[in-house]
Amino acid sequence: MIEAIKHAPGRIKRALDSDFFWKFRRSPVAVISFAATFLLVMSALFAPLLATMNPFDPASLNLMNGFTPPVTPSAFTGETFLMGADDQGRDVFSTILYGMRISLFVGFAAVTLGLLIGVTLGLISGYFGGWTDTIIMRIADVQLTFPSILVAMLIFGVAKGFTPPEYRDQLAIWVLILSIGLSDWVQFARVVRGATMVEKNKEYVQAARLIGRGAMPIIFRHILPNVLSPVLVIATISLALAIIAEATLSFLGVGAPPTQPSLGTLIRIGQGYLFSGEWWILFFPSVTLLALALSVNLLGDWLRDALNPKLR
Amino acid sequence: MALLNIRDLTVEFPTRRKVFKAVNAACLTVEPGEIHGLVGESGAGKSTIGAAVMGLLERPGHITGGTIAYREDEISGLDDEAMRKLRGRKISMIFQDPLTSLNPLFTIRQQLTETIIANLKVGKVDADARALALLQRVDIPDPETRLDQYPHQFSGGMRQRVVIALALCSEPEVIIADEPTTALDVAVQAQILELIRDLAVERQVGVILITHDMGVIADTTDRVTVMYDGSVVESGPTAQVLGQPEHDYTKSLIAAVPRPNRKVHRFPQVSYGGRMTSFAIEEIAKGWPVREAPEGALVSVAGVTKRFAEKGGLLPWQRRHFKAVDDVSFDIVPGEVFGVVGESGSGKSTIARVISGLYRADGGNIYFDGRLVSEPSDKEAIRAFRQDIQMIFQDPYSSLNPRMRVDDIVAEPIKHHGLLSGHAAKLRVGELLEQVGLGADAAAKYPHEFSGGQRQRISIARALATQPKFLICDEPTSALDVSIQAQILNILKDLQEHLGLTMLFISHDLPVVRQMCDRVAVMKQGRIVELQETEALFSDAKENYTRELLSLMPRMSDVSDEVQLPDY
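Here the protein sequences come in this chain order: A and W. Under UniProt numbering, the letters of the first sequence match residues 1 to 312, in that order. Under UniProt numbering, the letters of the second sequence match residues 1 to 568, in that order.
Read the hints as simulated data drawn from the structure, not as lab findings. Be aware that one or more of the hints could be misleading.
Unchecked claim - In silico BS3-like pairs for lysine-lysine, Cα to Cα no more than 27 Å straight-line:
hint	chain 1	residue 1	chain 2	residue 2
1	A	K202	W	K524
2	A	K200	W	K379
3	W	K445	A	K13
4	W	K323	W	K286
5	W	K445	A	K23
6	W	K379	A	K23
7	W	K323	W	K263
8	A	K23	W	K18
9	W	K379	W	K415
Small disclaimer: the values here were computed from a predicted structure and weren't measured.
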């Protein structure tokens, strides 16, 4: 432990000095998108400190503030809201911060689930081949023939049917994670399978087999670390897609409940008022979603180029 | 007047930390009809010169000094457009890999005529006739039919002939051939080199032949330029440079080339540039267990057959197989080095993998130390076998896990077999790394921080970790430079002599086999055609196929036998 601490500064220094970080610094797209992502994630994380109110707490809402435009004081209470207030008098800015928490949480958790399933199945499929491979990959193919949002809705519907009605709102988020996670394992599995098939024929894997190592140590100790860089890239891009998928589901009314609005729920609420002049309820959540998805996506794109040895 | 005149060429690659000088003030001239060899080890800058002449330098590399002149015109300062015209028309290039130099989607006719029309401004009928004549010239049998075939229908050697025909389309005056025969078998290599030779004389084309192979240089070139670390160290007529080398580097390079015609006890170590690393064989021998040599054979291969699916299928009768190894039997006695030679596709690597257990045999048995090891039923025999055999692979870049630290790589066999644990294992790994000449501080590094030869030493350390009885070497040096090859082969010889290790040595390189092996099996299409004592095989081969293989070895008659090595 003491040794680990002693080594820590050296490791940070080495990371800052690495070619990877050097490339990062020289790419304005990477720096800007990373900064934007970082800013958004941090503001979601510290939402309770930044927000003026807790939008999930009905006691803090004042219906008299409903439909207050941005920056102008409310006609009834005199309160001012940076991005205005929605139909129930919730501060849009605060609601976005809290909504982003839900969107990001669902996104991260769903990608983690998809990654765990996909990487495991991809490794097994690629390493063993034969019937195992055929069965896993045909299931993946079948799933790919449906749009993933449709698959997510299907899983969401089935899972919802199994949850008791009184817990439905509380469990909605977990059901959302499950449905998005299960709908995007396929791309992880495919990429990892391909990379595994390349790696397993390399001589270091044969050397491990010669020593007498079994299949599991070889898969997880030798092959897994060598197929991780494409996984990292897909995970980043998947995060953007998962956030959008969550927003889409919530927009369609099958995702996060109105009492715990995510960005998608906010957009759904807002679009009802777009043509009656209360544009801010739709506009600010949409811009936030755009910024979040775009910056994560650009970061993933840069990561793909930076980690691809062919483009070096 | 020289066709191509390169003066003081300097090429630099600015990288993050420093500017890397790939070529440093190199001079080179090519006359019409002359083959000028450019030889050096990897990283010497020989391919960079070729790329600079063609204007194909990969960014961020660029020419920072000197001139390249074609006849009287300087071409190094030309813009892309002017360079493109010259490149297609007057200077052509032949690359190493014939598979990727041809477009797989077009027939040979389409590729040849397109190039001819673009460069020579002739009509379609005329271009067609020229394409046919070119294929005939490069000795492709039945050229009318072959013209309408696709690249995948040609064998490797035939494909390289097509690539040469393609390079001749624009009637160039200079051809740059970058390792044109490295991917080919010896037999095919000899034919291709002869073709290049004939074409140079017949069409008065100047050829720059870039290669790492001294044998190719000796048999093919008129003049040779030796490069080391970006600089030209020696240049002159081939017979003179190889016969009476002047520079120390040339001397040590020539000394390291395995000779086809005689057996040496040890290879002279190339020590130029301070790359010599010691190998502490006595230390290893001290800790080595003394074992009773078993009676009879250590490894016994009995009627082994291995098939691979050529065409898969759901139903058994839809599948087609070819036999990579076909009813092969031989014994390896304790303490000997048993060689297997053959061309690519002869099944020599497959037999090594079957013996090691990486592939399961489809027929026949393998016995090790008298116990059957080709059936997984006897768990105890398999476990002991895994500890007693190890393998050294061909490619030092893929045989070490890039994400594992060197100490973990070397410790893996020790820990897996439960030989030592914890601190004792760590000490043992440090010792092993020290003994193979890497030093204990190599432990905390990753494989990419080492050169090819150093990686092969790490492989050797890993192979020695379980103190095996039997070592399989599958082309252990064919990916290495000659000077490194000499070091690694010496290490293997030492291991065999001092530890009494038994070895199976797979190679396509006959001179190396002659230096290393006690007995040699010659394989062809999955079968052993001849098995003899090494010296008997080289002096008095019984089979025609063996004699044919032997006749294709580079003769190296010009190469000086007695090079006085400088002392360091």
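Comparing the hints with the structure gives:
1. Among the hinted pairs, K202 (chain A) with K524 (chain W) is consistent with the structure: their alpha-carbon atoms are about 25 Å apart, no more than 27 Å.
2. For the proposed pair K200 (chain A) and K379 (chain W), the alpha carbon gap of about 24 Å is at most 27 Å, so the pair holds.
3. At roughly 17 Å between alpha-carbon atoms, K445 (chain W) and K13 (chain A) fall within 27 Å of each other, so this suggested pair holds.
4. As the CA atoms of K323 (chain W) and K286 (chain W) are separated by approximately 44 Å, the hinted pair breaks the 27 Å bound.
5. With a C-alpha separation of about 23 Å, the suggested pair K445 (chain W) and K23 (chain A) falls inside the 27 Å cut-off, and the hint holds.
6. Restraint check for K379 (chain W) and K23 (chain A): the C-alpha separation of about 51 Å exceeds 27 Å, so the hint is violated.
7. Between the alpha carbons of K323 (chain W) and K263 (chain W) the distance comes to roughly 35 Å, so the proposed pair goes past 27 Å and is violated.
8. For the hint linking K23 (chain A) to K18 (chain W), the alpha-carbon distance of about 16 Å falls within 27 Å, and the restraint holds.
9. Only pairs whose Cα atoms come within 27 Å are accepted, and K379 (chain W) paired with K415 (chain W) is accepted, the gap being roughly 19 Å.
The structure shown violates the earlier hints numbered 4, 6, 7.
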